[in-house]
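J.: Start from chain A and add chain B according to the hints.
Taken in order, these protein sequences are the chains called A and B. Residues 1 to 700 (the numbering used here) make up the first sequence, in order. Residues 1 to 209 (the numbering used here) make up the second sequence, in order.
Hints were generated in silico from the structure; no laboratory data involved. Treat the hints with caution; some may be incorrect.
[Stated by the list, open to error] Far from chain B, by Cβ distances over 10 angstroms, these chain A residues were calculated: (1) Ala10; (2) Phe17; (3) Cys21; (4) Asn24; (5) Ala32; (6) Leu372; (7) Gly374; (8) Leu414; (9) Arg515; (10) Gly540; (11) Pro579; (12) Lys583; (13) Val588; (14) Gly656.
[As the list claims (entries may be wrong)] Okay, derived cross-link-like pairs now, DMTMM-like style, lysine to aspartate or glutamate, Cα gap no bigger than 20 angstroms in a straight line: (15) Lys583(A) x Glu541(A); (16) Lys583(A) x Asp485(A); (17) Lys583(A) x Asp30(B); (18) Lys164(B) x Asp463(A); (19) Lys583(A) x Glu483(A); (20) Lys583(A) x Glu563(A); (21) Lys693(A) x Glu434(A); (22) Lys583(A) x Asp41(B).
Ideal Cβ positions, reconstructed from N, Cα and C, are used throughout, including at glycine.
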Amino acid sequence: MIYCPSCGTANKSGSKFCNQCGHNLTGVSKAACPACGAANPTENLFCDSCGAKLAPLVTKGSEERAEIKGLSLPTKPLDEEGQGPLDGEEMPAAQEEEASVPEDTAKEDAGLPEEGEAEEEMPEWLLRLRAASPASGEQPEESAPSETPSPEDWGEFPSEDLEEADVPEWLQQLEPAEPMPPQEEPSAPEVEEGEEALLSDVWAEEANRDQLAAEPAEPEAPAPAEEEPPALKPTEELPQQAEEAPGGIPALAQPPSDEEDLAAWLQAEGPVILEPDEGEEEEEDIVFEPRAGETEEAPDQGRLPSWIETLAPEGVLPEELGGEFVEEGRRTPEAMGLERAEIPSWLEGLRPGRPGEQMPEAEETVEESGVLQGVVGALRLVQDIDPLPSSQMRPMSEPVAATPAQANLFADLLSRPTSSVVKPRPVSAAPKRERGFAWLATLLLIAAVLLPFFATGLVPGGDTVAVPQPVSDLAERIRDLNETDVVLVSFDYDPGVSTELDWPAEVILEDLEARSVNLLVMGVTPTGPGLAARFDIPAGEALFLGYLPGQEMGLQRLASNLEGIFTVDFFSNAVSDAPFGVKSLNDVALVLTIAASQETVRWWMEQVGTQTGAPPIGAIVSAAIEPAVRPYYASGQIVGLVSGWVGAQAYEEAAGLPASEGEGGPAALEAQSLAHLAIAGLILLGNAVYWGKRLFGRRA
Amino acid sequence: MKSRLGRSLVTAITIGVGLLILANFFVRNDLLSLVQQTLLDWAIILAAIALILGVFNVIGTHLRKIRGRQSGWLYSIFLLAAMGAVIIVGLADPRGPASPVVSWIFQYVQIPLEATIFSLLAFFVASAAYRAFRVRSVDSFIMLVVGLIVLLGQVPIGAAIWGKLASAKDWLLSYPSTGGARGIILGAALGAVLTGLRVLLGVDRPHAQ
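Next up, chain A with everything else stripped away, as it sits in the complex (with noise of 0.2 angstroms):
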């Protein structure tokens, strides 16, 4: 199986592509062990080295995306499951073998030398076993957790791997017990203080050899059911065994020759075995079975069961458990100057039960994601079997004699103070030059503006202006009205422009109101009746319509029948009160629109202007729109022009008003001249550095 790195989907093995989302798994060969480091088939859920989770220990994700696809975890409990298939499997193995494999694991264990005729005395299914796990003989001797065959490995050792003749007869006769309820998490024995040690190695060594070899040494225990765990044996009878196996290694114990009593040992003092339910999934449904003598009473401090006595190598023990074990000629541990290191709690799980023990309450863990989501205990041993961050696995390296010297001077450098300091870049990313020249602009710009309202005439001929066509002949149309005719004036600008047009706003109402013509008031715009509303019209020659909504559709409908769409004036007056009556665009006589867009004029010119008996619409603009408003005049849409305060300027000669005051007047068109002199020398300072800067350039 090749589990897919996207979706987490297994797929067939070989498949170059996932089944479910098309991920390419051509480059999906090998994972990395996050522990160990060691190579593992992309189908391991565990390290084939060292038995560490892979992939799903990486991301969280990964892990379950593996769950959903409902792939179970191989997560059987180290002990019991290798104990289980093989307990069952390898029993019947060579008698001859069975004293091999704890001897060379032993060796391993004593930090001997393995000899390579310990490989020929394997088991045939061992081998088998450690050529499947490509990545066996890479795990470095010395990690406890190297020599912890994986899950996945186990579960690559079925039943049906072993024909039947490989199965001796005495182990034929064993019928698998009905399934049990899961056995409690084993916990240490009472022991006095000074075994504790002792007893956790002894264990520790137990669990890694049950998981290699499947304990070879049960049969061989010579103990009967009914009777206590066996101790260590006497001194006489531990020699003797070690005469009957070879390399020196204390020899296993006979199988019982009563293949009853055989049977009854196994279950009272042997391994857990464990069983499938049928019908179910071999990986996921695992039933422990709980040993048989649970009942018993607890074996006596200081006293071993005999089938880890024979797994014990020599010269392991201390004296106080048998000194007899220790081969004469061979030193202790102890003696060559080594302490014994603790069971890591890692480990606890994976020691085994004994008949009689405490054990401590199992604590529940339930799954909380994944096809196992609810299942309370299904994976409970993950915990114990799991390895321990792979940060906290990697062994220590052992500092050599740079490494001091090298990190003092680290320390050092890192204490010392900067010497120098980084220097915040500008805010303005503009050189200098450029923001001094933006401010000489300014304040030349603020000085002719401001310079003729405190001395006027700066500017020769400022207070008089030519009278442009376009004003002149909105003039002689405004001149040309009675006093019954009705104007429009249209208020269409914001107040952002009203600096610039309320002037001339201003001129053209003065002399429409010196006409004493009637005037409807309204505007386009909603804020163009409120602009109007600060003029000072007279009440009774004007009716402020107010706002009309709808821009192009508001004129198409004012244009086609006036009545009904204002039926109250900007004041709330009803509109019928009016003393003058309206009833439509053909009564009115001169329709004036004072805007600042184009887009307003427009209208004007699309929805009002087209109409047929439409009055002459005349327009006061902005300087800023003047060349866009002309084309209107130049075809005779417009009557009359008036543009800014030129144009209001010029209107007041035309019409023979009086010169303005105030805001407006000679002052105001003073201010404009030196203004508009004063960006037209900034063009031509522009370019004369432009140009300076080219041809001095050049030059350099």
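T.: Then chain B, alone, in the frame of chain A:
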């Protein structure tokens, strides 16, 4: 199927209404005029409602800005407070927007603020004039000369500099500038006609988007 029928119905209504309004420009008929005025009244009412919807949109936008503590959320508080105050004052007075308080706010708050912001444009123009109007080619030289003529001919000082500067400005605005502007206006008008025809023929359906 249902949505297709709905779209077809909307398209048919649009085309029908457009043809009715258009026909009133060519045919004098009281019924057509009445239909046109009624439809225009509806459109004006919808436009007025759109203004109210715009107010609600502004309120919602700035409330979200305040709630999310987005950039400038303090300004949103001031905006909503000012808008609420003006609306309350306007609704409280039966004279509406013509009430003295609203007129005072409009004249002494809104108008000066908007005029001030618009006046800042002069300083940007002055600063940009130095960098933008640089003669790099013949075209830019022509543009510079025309700009200077219109700029100075627009104000009385132009006549003081050169007597015919104002006349030159008028000529530029009356002929070259008007020609260009008229071309733009005609182009926009043709585009509007084409767009109207596409809508009337059902080719474009902006109302169905």
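J.: So, for every hint listed, does it hold in this structure?
T.: Going through the hints against the structure:
no., hint, in the structure
1, Ala10, "holds (44 angstroms)"
2, Phe17, "holds (39 angstroms)"
3, Cys21, "holds (34 angstroms)"
4, Asn24, "holds (41 angstroms)"
5, Ala32, "holds (45 angstroms)"
6, Leu372, "holds (41 angstroms)"
7, Gly374, "holds (39 angstroms)"
8, Leu414, "holds (38 angstroms)"
9, Arg515, "holds (26 angstroms)"
10, Gly540, "holds (17 angstroms)"
11, Pro579, "holds (19 angstroms)"
12, Lys583, "holds (13 angstroms)"
13, Val588, "holds (18 angstroms)"
14, Gly656, "holds (19 angstroms)"
15, Lys583(A) x Glu541(A), "holds (17 angstroms)"
16, Lys583(A) x Asp485(A), "holds (14 angstroms)"
17, Lys583(A) x Asp30(B), "holds (16 angstroms)"
18, Lys164(B) x Asp463(A), "holds (17 angstroms)"
19, Lys583(A) x Glu483(A), "holds (18 angstroms)"
20, Lys583(A) x Glu563(A), "holds (5 angstroms)"
21, Lys693(A) x Glu434(A), "holds (15 angstroms)"
22, Lys583(A) x Asp41(B), "holds (16 angstroms)"
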